[in-house]
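2 protein chains.
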Amino acid sequence: MGENRMMSLGALVAARDAGKAAPDLMIALSRDAIARKDPAIKAFSHVAADPPVASNGPLAGIAVGVKDIFDSFDQPTSYGSPAYAGHQPAVDAAIVDLARRQGATIVGKTATTEFAFFHPAETVNPHNPDHTPGGSSSGSAAAVAAGMVPAAIGTQTGGSVIRPAAFCGVAGYKPSFRLLPAAGMKHFAPSLDTVGLFAATVSDVALFAVLLSGRNLAVEPVDPAKIRVGLYRCAELGSADPDMQDALSAAADRAADAGFDVGEIEEPAALTEAREAHSIIQDHEAGLACGPDLSRFRDRLSPRLIEVIERGQAISPQVYDEARRLAKRGRAAAKLMFGEVDILLSPSAPGAAPNGLETTGDPRFNKLWTLIGGPAVNITGFKSGQGLPLGIQAIARFGRDRHLLSVAAALEPLFSGPQQHQTPG
Amino acid sequence: MGENRMMSLGALVAARDAGKAAPDLMIALSRDAIARKDPAIKAFSHVAADPPVASNGPLAGIAVGVKDIFDSFDQPTSYGSPAYAGHQPAVDAAIVDLARRQGATIVGKTATTEFAFFHPAETVNPHNPDHTPGGSSSGSAAAVAAGMVPAAIGTQTGGSVIRPAAFCGVAGYKPSFRLLPAAGMKHFAPSLDTVGLFAATVSDVALFAVLLSGRNLAVEPVDPAKIRVGLYRCAELGSADPDMQDALSAAADRAADAGFDVGEIEEPAALTEAREAHSIIQDHEAGLACGPDLSRFRDRLSPRLIEVIERGQAISPQVYDEARRLAKRGRAAAKLMFGEVDILLSPSAPGAAPNGLETTGDPRFNKLWTLIGGPAVNITGFKSGQGLPLGIQAIARFGRDRHLLSVAAALEPLFSGPQQHQTPG
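Chains as they are written, first to last, in our numbering: chain A, 382 to 806; chain G, 382 to 806.
No wet-lab data here; the hints were simulated from the structure.
For glycine and all other residues, C-beta sits at the position ideal for the given N, C-alpha and C.
Check each hint, because a few of them may be wrong.
As the list claims (entries may be wrong) - Listed below are several chain G residues computed to face chain A (Cβ distance under 10 Å; list not exhaustive): (1) Leu612; (2) Arg614; (3) Ser676; (4) Pro684; (5) Ile687; (6) Pro698.
What the hints assert, rightly or not - Below, computed lysine-lysine pairings styled on DSBU-like, alpha-carbon distance capped at 30 Å: (7) Lys716/G x Lys607/G; (8) Lys764/G x Lys607/G; (9) Lys716/A x Lys423/G; (10) Lys764/A x Lys423/A; (11) Lys607/A x Lys716/A; (12) Lys716/G x Lys423/G; (13) Lys423/G x Lys709/A; (14) Lys764/G x Lys716/A; (15) Lys709/G x Lys607/A; (16) Lys423/A x Lys607/A; (17) Lys709/A x Lys709/G; (18) Lys716/G x Lys709/A.
As the list claims (entries may be wrong) - In silico negatives: residues of chain G with every beta carbon more than 10 Å from chain A: (19) Ala474; (20) Arg481; (21) Glu503; (22) Gln800.
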């Protein structure tokens with residue numbers, strides 16, 4: 382795919398603030414990159430014709446790609462579905478309005494799977510067009526990876542931020558639940574739907590969160606000796622690809638070599654149970670939230686989407702309420718666990734991006750953390766035997782977003798060093 | 382206002398199930414009542430021209446009024462705002478689709494204050510047209526009170542179910558947070574926005590919740606001696622009108638006379654602090670969720686709405702996050718408190734419906750319980766010196782909805798007996 386040099390948000394903001402890059406030029410650079418690269422990548426479902434450029438504001442001159450699951454008043458919003466082809470909302474989603482108020486330019490809407498579930502978009506992986514970019518925030522991850530925008534916005538209900546970030550080799554940040562506003566997105570499972578961000582590196586994505594939200598989330602130096610890092614031993618770990626298992630071991634080793642206090646953490650039983658509860662909660666809520674679409678547009682929904690909506694509608698409220706109780710117990714268990722460890726490391730996905738565009742991969746390493754509601758970030762650097770990115774996910778306690786981003790920024794360069802593959806192919 | 386005999390959902394369902402009333406006829410009765418009464422009451426912002434009537438389903442033949450804060454694909458949805466006059470959503474809100482799937486007929490959209498905040502609708506109080514019906518679910522409460530529909534749907538972010546129910550003299554039920562789905566409503570403060578229900582009596586509103594949600598919420602007999610009822614002594618209590626203070630005392634006395642285990646509960650400090658946090662959380666979230674409307678439609682929003690959105694946008698995320706921590710502590714304190722008491726009694730509002738239509742009343746007795754997220758129900762029966770309804774609110778622990786409804790149904794007839802006014806006018 383030729384050069385995919387990513388745009389660094391931090392470098393762009395620094396150049397702008399030093400008077401070396403004007404917002405107009407910065408947006409023009411992104412728009413030019415989109416015009417050259419997107420015909421092959423297909424990260425955008427819609428490119429704005431002549432988007433306004435703010436001269437002031439913390440995000441002035443920053444080209445942002447917005448997952449087409451969020452409403453935008455000036456660009457069509459189709460939620461990845463033919464049922465909404467050409468749909469034009471009256472107003473922006475809250476996060477889009479917020480980005481504009483901070484000076485960002487919304488250069489286009491990025492491709493999403495249908496209703497942010499599994500039916501894939503046309504987007505390809507910038508590292509290899511035969512492979513999926515992941516989903517559901519396919520276009521947002523690919524647009525950053527291909528160097529078309531320095532920042533993009535997505536959502537995660539199962540693993541839709543962390544997984545595409547991993548597959549595309551970018552930093553993906555799923556904040557603590559409700560840190561960023563979800564109003565005006567097309568909801569799939571409202572108690573899980575979490576707004577997340579993409580950028581080239583961890584410090585870039587943290588900067589994006591700072592400039593967008595006004596929160597103090599900028600990465601700060603950490604003392605490795607004071608950070609307890611836990612390699613998270615969940616039952617799913619054995620099902621990860623061999624090169625992912627190697628990458629996770631290497632991640633733990635490199636962190637230990639750098640002075641972090643590294644150990645292993647066995648998954649508490651309450652978290653194993655909570656992971657099982659995720660699908661019940663997601664499907665039941667989707668049965669309600671997407672029920673109106675099934676009632677109106679059945680002939681324009683994919684069979685897989687129809688199946689999950691109907692499955693969700695068949696889940697009784699009693700079963701749903703019991704799953705919510707398991708989720709609550711899981712959150713209490715996570716709080717206890719994070720008394721013993723600061724940061725967990727876990728695969729971002731079972732392996733590198735699968736070959737083929739029919740599937741966007743598997744969220745089994747993500748959905749527990751979406752349910753628990755704490756922050757997670759994809760750290761890139763490791764490569765599969767085929768040379769595709771292998772993402773390692775760092776996870777922290779609810780509300781400890783800044784600490785997580787700071788530690789992840791310290792780990793990121795450690796994961797990019799030379800790598801030995803101990804397992805065949 | 383002549384006769385305002387309410388329609389009983391329980392009686393209608395029983396007649397239908399006994400073959401004594403056909404769904405077509407039941408809907409025709411409601412539509413006739415709307416045609417006769419609504420020109421004076423103005424409970425409906427839109428009346429459906431020829432709504433379909435289902436012959437089967439648990440809500441077949443039940444005419445439901447839906448607050449015009451919820452999307453409906455076949456009726457315009459204006460959120461109480463000239464900015465959305467004639468707005469036609471593509472699909473229903475989740476709760477509207479659910480009601481239809483259970484067989485309900487959506488006979489019209491009921492009037493709401495602007496964006497479910499404070500700028501009033503045109504609706505009048507069916508008990509006295511010079512008085513407010515309360516808000517923001519003004520039309521839903523008034524439509525039930527005036528005998529136009531047996532059931533209506535609303536929302537509460539501050540006190541928008543319990544207060545209009547109290548002012549209009551109907552049963553209003555604010556379920557535990559997320560018991561009913563909110564997707565497809567116009568959000569104001571998503572972490573507080575709660576879908577609620579209206580009907581003539583507590584057992585009717587419980588039946589509506591059963592038939593709508595499929596949950597086991599039907600009222601069951603209770604043994605008063607086993608129910609600990611707490612008269613809730615919050616600081617606001619002294620600011621209630623004298624006849625409301627009398628009504629609350631009478632409510633406690635009558636419950637004790639009927640054998641309930643009645644005592645007084647002092648407000649824990651953590652709940653006083655949580656009440657203060659409500660406005661910060663609400664306003665900050667409104668600044669985000671309604672920011673897009675301010676950006677696009679400033680000239681079509683009321684000054685009061687513009688003020689709250691701008692105030693919310695000026696609240697820093699740090700202040701918001703601290704308010705969320707206070708809310709969390711409040712929920713933990715409420716859980717402890719509900720170890721000592723089963724049901725709290727508190728005013729539903731500071732008094733009866735105020736004179737005038739410029740204000741919809743004050744949510745100071747409601748907003749804490751919206752924030753805590755447990756169930757609350759308005760119990761009618763008491764009257765003010767002017768003969769207007771005075772509502773008593775019963776509150777229970779999160780998830781104990783059925784228990785609350787059962788106890789409230791047992792209390793309701795006790796509150797309807799003859800009443801002596803000890804304080805002048």
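Each hint tested on the structure:
1. Leu612: This interface hint is violated because 30 Å lies over the 10 Å limit.
2. Arg614: Result: violated, 30 Å to nearest chain A Cβ.
3. Ser676: Given a least distance of 5 Å, the restraint on Ser676/G holds.
4. Pro684: Pro684/G check fails; min Cβ-Cβ to chain A is 20 Å, beyond 10 Å.
5. Ile687: This hint is violated: Ile687/G lies away from chain A, its Cβ roughly 15 Å from the closest one there, beyond 10 Å.
6. Pro698: Where the cut-off is 10 Å and the nearest Cβ of chain A is about 5 Å from Pro698/G, the hint holds.
7. Lys716/G x Lys607/G: 19 Å, holds
8. Lys764/G x Lys607/G: 29 Å, holds
9. Lys716/A x Lys423/G: The hint is violated at about 51 Å.
10. Lys764/A x Lys423/A: 24 Å, holds
11. Lys607/A x Lys716/A: 19 Å, holds
12. Lys716/G x Lys423/G: 41 Å, violated
13. Lys423/G x Lys709/A: Violated, at about 43 Å.
14. Lys764/G x Lys716/A: 49 Å, violated
15. Lys709/G x Lys607/A: Holds: Lys709/G and Lys607/A sit about 28 Å apart, inside 30 Å.
16. Lys423/A x Lys607/A: 44 Å, violated
17. Lys709/A x Lys709/G: 14 Å, holds
18. Lys716/G x Lys709/A: Distance ~14 Å between Lys716/G and Lys709/A Cα, so the pair holds.
19. Ala474: 7 Å, violated
20. Arg481: 7 Å, violated
21. Glu503: Answer for Glu503/G: holds, closest chain A Cβ roughly 23 Å.
22. Gln800: 39 Å, holds
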